[in-house]
Amino acid sequence: MTRIACLLTTTELSPPGALLQVALAHSPRVEEAGAGCVYLEASGLRGLFGDEPRLAGRLRDAAAAAGLAIRVGIAASRMGALAAARLGSGVTVVEPGGDAASLAAAPLSLLALSEDLTTRLARWGLRTLGELAALPTAGLFERAGAEGVQAQRLARGEDPRPLASWRPVPAFEESVECEWGLEALEPVVERLGELAARVCSRLGARGLAADGFEWVCRLAGGGAHEGALTPAVPLTDATAVTALLRLALAVRPPHGIVEGLTLRTRPVRVAPAQESLTDPSRPSPRFLAATMNRLVALVGSDRIGAPALLDSHRPDAVGLGAYAPSRSPSPLRGEGGPILALRRLRPPAPAAVTLASGRPVAMRSSRLAGRIVAGVGPWRSSGEWWTAHPWLQDEWDVELADGTLCRLAHDGSAWHLAGIYD
Amino acid sequence: MAIPIESSPPPGWEREGIDGLLGLFPPGRLSEIVGPRSSGASSLLLALIARITTSGSGEGGGQVAFVDGMDALDPTSTAAAGADLSALLWVRCGGRLRVALSAADLLARCPGFALVVLDLDDLGPVPASAAIRLQRAVEGSDTILIVRSERHREGSPASLVLATRRLAPQWMGLRQLTRLAGLRSEVSISRSRLYSLSPLGRAPDEGSWTLDWRL
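Keeping their order, the protein sequence lines are chains P and Y.
According to the numbering used here, the residues represented by the first sequence are 1 to 422, in order.
According to the numbering used here, the residues represented by the second sequence are 1 to 215, in order.
Honestly, I wouldn't trust all of these hints.
[Stated by the list, open to error] Restraint-style ranges between C-beta atoms, simulated for each label pair:
# : chain 1 : residue 1 : chain 2 : residue 2 : range
1 : Y       : 168       : P       : 359       : 47 to 53 Å
2 : Y       : 167       : P       : 359       : 23 to 29 Å
3 : P       : 347       : Y       : 28        : 35 to 41 Å
4 : Y       : 167       : P       : 392       : 42 to 48 Å
Hints are computed from structural coordinates only; laboratory data are not their basis.
No residue lacks a Cβ here, since even glycine has one placed at the ideal position from N, Cα and C.
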């Protein structure tokens with residue numbers, strides 16, 4: 001017979017992982033159920049901790065010793081234990097076979113239901129788990145589908161799913177103490193490369209990759225130099241990691257003699273991907289990560305990425321998003337075909353424009369100058385008048401005497417050359 | 001049964017149309033597109049980017065790196081041309097020629113990009129030494145490397161040089177013009193060293209294409 005205990009913190013600011021450590025100290029099977037809630041298997045613990053009320057009290061005392069105020073509920077199902085912890089008086093034990101009765105008065109909000117099902121049940125006038133449990137299952141399935149039936153089973157105290165055991169994430173960290181202080185950058189990178197090789201080897205043995213690296217250089221005199229880097233893709237290749245560390249340290253080297261080094265990684269599990277035989281190849285993650293880092297050092301991180309169209313009608317409303325080659329094409333695409341390109345001037349070049357009968361007949365700017373032989377406009381656009389930065393613009397498409405096609409813009413006070421058609 | 005190469009061009013290949021023109025750019029070589037302002041050179045680049053980023057079998061196409069010497073790329077035009085913006089890496093160089101050359105060199109050496117564009121516009125033609133370095137960087141790879149500038153420099157190692165020329169703007173409106181509808185331009189091959197590289201077994205070393213770009 002399965003017995004499950006639910007630990008629920010009542011303190012808002014509890015150290016992460018502390019509740020899990022309390023649970024793991026009492027049972028080998030523990031499931032994390034979101035912030036401040038942990039389930040543990042309470043079956044078979046009588047020999048160690050006594051009966052269930054005694055176990056619950058012991059759990060509460062252990063949590064208090066760790067600085068946590070918790071409520072404990074023990075029942076035959078997760079939902080029963082959660083209701084007992086949340087609605088009980090601090091330590092509540094539901095006797096075997098009593099889950100359904102104890103859940104009857106619990107509110108429906110105890111279940112994590114979809115918005116659609118929550119609305120539907122509210123429309124039927126249901127408020128408690130007991131009312132949901134009393135509905136005929138066949139009719140509920142016809143109206144609310146599998147989710148409705150699953151919710152009813154939970155409301156009846158039935159819990160077919162076993163606990164999803166939580167395992168502590170192993171720390172992937174390597175350190176080295178230098179017998180002689182390192183003054184130059186290259187020996188530091190060399191030692192970090194050795195640490196990276198060891199960490200990557202351990203990651204690879206567990207089928208993991210790292211999507212973040214942090215290093216600490218302990219300096220002579222008590223100081224420390226810390227840094228972190230995030231590769232474009234998770235890596236397990238020590239050579240690539242060393243290249244990235246070299247680049248990062250070259251940009252921001254430690255100022256002092258290095259006496260000790262520590263390298264930490266953030267492990268992630270990467271699903272293997274099957275490459276297509278017919279699709280075009282993509283840049284190798286290793287080469288791409290190194291190239292992107294060099295490009296960032298060259299042009300700056302705010303000047304490189306994938307172009308993104310912003311949700312605005314403001315002229316030239318574009319941004320830069322993170323560039324990550326993916327197999328799913330962007331849905332934001334035009335119909336295609338031979339489109340006349342506009343070359344933007346960023347920022348728009350101030351222009352002196354001569355008007356005749358309200359139409360531009362000549363223009364002069366730092367990039368272009370000449371007589372206007374044809375032109376259409378004005379195309380007026382405006383927007384965001386409800387914000388602190390409204391915009392208003394009259395645009396003209398004009399042809400200069402030398403054949404250049406360009407776009408002029410007047411923002412109400414001055415003329416600008418916004419772009420050149422090419 | 002053996003099928004003669006000349007009788008089975010790739011699907012979508014039209015030697016006379018824009019497809020034929022876009023299919024000319026050789027992988028592993030340096031190519032150039034030169035032409036004055038408003039000659040359709042940038043439009044030709046966008047058409048090529050759209051073709052490459054959508055060239056896959058329904059699950060995304062090739063990756064393109066665009067080194068923008070003058071920060072002039074208009075993503076709205078690019079998306080309108082049919083390009084997949086998520087497959088485009090945009091490097092803005094802010095009018096710095098040396099930075100643009102270095103960025104293009106780095107990207108040409110990163111395997112996996114189907115196309116690397118170095119858009120210099122009026123920053124000037126690529127210095128001869130830099131052009132040779134770019135050619136070496138892309139040699140032996142599957143990457144198409146294209147430099148777009150206003151003028152062609154003699155002595156460039158480019159394998160293909162396309163020259164664009166403005167023919168006439170297209171206006172709408174009868175008595176009074178009401179809208180700019182597009183541009184008619186001409187693209188011609190001003191230099192080709194593509195013998196035996198073309199899918200048809202030979203490269204067209206002469207001829208021109210008249211293209212209508214619509215706004």
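Against the structure, the hints:
no.: 1; hint: Y:168 <-> P:359: 47 to 53 Å; result: violated, 21 Å
no.: 2; hint: Y:167 <-> P:359: 23 to 29 Å; result: holds, 25 Å
no.: 3; hint: P:347 <-> Y:28: 35 to 41 Å; result: holds, 38 Å
no.: 4; hint: Y:167 <-> P:392: 42 to 48 Å; result: violated, 35 Å
In the structure shown, a violation is registered for the earlier hints numbered 1 and 4, in ascending order.
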